Amino acid sequence: MKKLLLTIFLILCLNVFANHSFNVELEIPRAYNEIAAGEELWFTAKISNLANDEKLDVILTYEIFHEEKEIFTKSETVAVETTASFSNKIIVPENLKKGLYHLKVKLTPIDSDLDMSKAETSFNIIKEQDEGLRRLYSIVTHLALFILLGIIIRFFYNKYSPACGKFCVRQKVKKIVEKRQNEIRKK
Amino acid sequence: MTSKLILTSVEELQLSITKSINPSIPGIYVSLNKTQKSMEKILNQYKIDTQKLFFIDCVTAEKSKDDVLHIAPDQLELLITAIESFIKDIDGEKYLIIDALSTLLIYNSENRVAEFAKEITRFASDNDVEVLAFSPKTKGEELLNKIFNFFDDVKR
Numbered sequence: 029m030k031k032l033l034l035t036i037f038l039i040l041c042l043n044v045f046a047n048h049s050f051n052v053e054l055e056i057p058r059a060y061n062e063i064a065a066g067e068e069l070w071f072t073a074k075i076s077n078l079a080n081d082e083k084l085d086v087i088l089t090y091e092i093f094h095e096e097k098e099i100f101t102k103s104e105t106v107a108v109e110t111t112a113s114f115s116n117k118i119i120v121p122e123n124l125k126k127g128l129y130h131l132k133v134k135l136t137p138i139d140s141d142l143d144m145s146k147a148e149t150s151f152n153i154i155k156e157q158d159e160g161l162r163r164l165y166s167i168v169t170h171l172a173l174f175i176l177l178g179i180i181i182r183f184f185y186n187k188y189s190p191a192c193g194k195f196c197v198r199q200k201v202k203k204i205v206e207k208r209q210n211e212i213r214k215k
Numbered sequence: 194m195t196s197k198l199i200l201t202s203v204e205e206l207q208l209s210i211t212k213s214i215n216p217s218i219p220g221i222y223v224s225l226n227k228t229q230k231s232m233e234k235i236l237n238q239y240k241i242d243t244q245k246l247f248f249i250d251c252v253t254a255e256k257s258k259d260d261v262l263h264i265a266p267d268q269l270e271l272l273i274t275a276i277e278s279f280i281k282d283i284d285g286e287k288y289l290i291i292d293a294l295s296t297l298l299i300y301n302s303e304n305r306v307a308e309f310a311k312e313i314t315r316f317a318s319d320n321d322v323e324v325l326a327f328s329p330k331t332k333g334e335e336l337l338n339k340i341f342n343f344f345d346d347v348k349r
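Sequence lines, in order, name chains C and H.
So the first sequence is numbered by our numbering: it starts at 29 and just counts up by one.
So the second sequence is numbered by our numbering: it starts at 194 and just counts up by one.
In case anyone wonders, no lab produced these hints; they're calculated from the structure.
Hints are not guaranteed to be accurate.
Cβ-Cβ distance ranges computed for the label pairs, FRET-style [stated by the list, open to error]: (1) Ile235/H to Glu211/C: 21 to 27 angstroms; (2) Ala265/H to Val168/C: 39 to 45 angstroms; (3) Lys234/H to Phe174/C: 22 to 28 angstroms; (4) Ile235/H to Arg198/C: 28 to 34 angstroms; (5) Asn320/H to Ile175/C: 22 to 28 angstroms; (6) Lys202/C to Val203/H: 33 to 39 angstroms.
Source: prediction; values computed, not measured.
A virtual CB, placed ideally from N, CA and C, is assigned to each residue, including glycine.
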């Protein structure tokens with residue numbers, strides 16, 4: 029009886045390990061623990077494929093949460109044999125306010141009945157992007173594009189418009205006559 | 194002021210043009226056979242002062258001087274605009290020389306050149322400007338037949 033119970037227990041344990049055979053760790057380098065809104069957040073996801081001998085494809089889903097509200101998500105598919113380490117970056121949204129944020133990773137095996145694995149870490153947004161400066165950059169960019177467009181239009185208009193051609197000819201003639209008549213008067 | 198159409202042999206064309214230039218009053222010279230540079234050189238050889246000559250060079254687009262207007266010979270609308278502008282802007286008495294009217298046939302249709310001649314003679318007449326249009330006798334017979342009537346005087 030004891031032997032039977034032990035065997036059943038071992039089988040159950042093996043099943044448990046067979047289903048939860050990935051270990052995920054998430055790490056943010058110290059330099060990125062505190063960043064400003066709109067900046068890059070670098071991190072490393074370390075994955076261990078426990079128990080499985082074969083290479084498996086998995087989906088890694090990265091999420092950023094703030095006060096339990098999801099504000100960003102990104103996924104990628106990777107292959108894992110025994111252990112793998114993936115460095116990645118997310119450009120955090122520019123409109124984030126100062127505060128504590130959580131970075132979570134979910135590992136979902138593809139074409140396998142293995143369970144999902146998770147990991148979580150946190151970082152701080154210490155500076156919001158300057159609204160005024162952003163607006164200024166936007167205005168300057170739009171203005172520069174507008175001026176460039178004006179120059180391009182003027183170039184092609186001068187080149188191809190007959191009406192403009194006549195106007196240009198009249199202007200040139202005016203200049204030539206003025207110059208020559210001044211020269212004659214001086215003599 | 195009168196408009197004259199002067200038909201001459203090819204050999205005598207240059208000499209006829211040179212003799213018609215009046216250095217004492219401003220003139221508008223539409224150069225269809227030679228570049229402004231070459232024409233000025235020839236006139237200087239004949240010791241003719243070109244200070245009062247305004248050139249419209251229809252031979253080359255190459256800019257040799259700032260005070261020379263370059264118009265392509267197929268741009269008759271612009272050529273008319275240029276001639277009319279010179280006539281309006283130059284003060285006092287002036288005259289217009291077109292050195293080889295039939296050369297325009299290389300780049301434009303006969304009817305278009307006839308229209309050009311009509312427009313120019315009409316405008317010059319309205320503004321009291323003498324027109325001297327030259328053409329080699331042997332070129333553009335059909336054209337010449339069309340434009341004879343636009344000129345006050347035809348000299349062969």
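Status of each hint after checking the structure:
no.	hint	result
1	Ile235/H to Glu211/C: 21 to 27 angstroms	holds (22 angstroms)
2	Ala265/H to Val168/C: 39 to 45 angstroms	holds (42 angstroms)
3	Lys234/H to Phe174/C: 22 to 28 angstroms	violated (49 angstroms)
4	Ile235/H to Arg198/C: 28 to 34 angstroms	holds (29 angstroms)
5	Asn320/H to Ile175/C: 22 to 28 angstroms	violated (42 angstroms)
6	Lys202/C to Val203/H: 33 to 39 angstroms	holds (36 angstroms)
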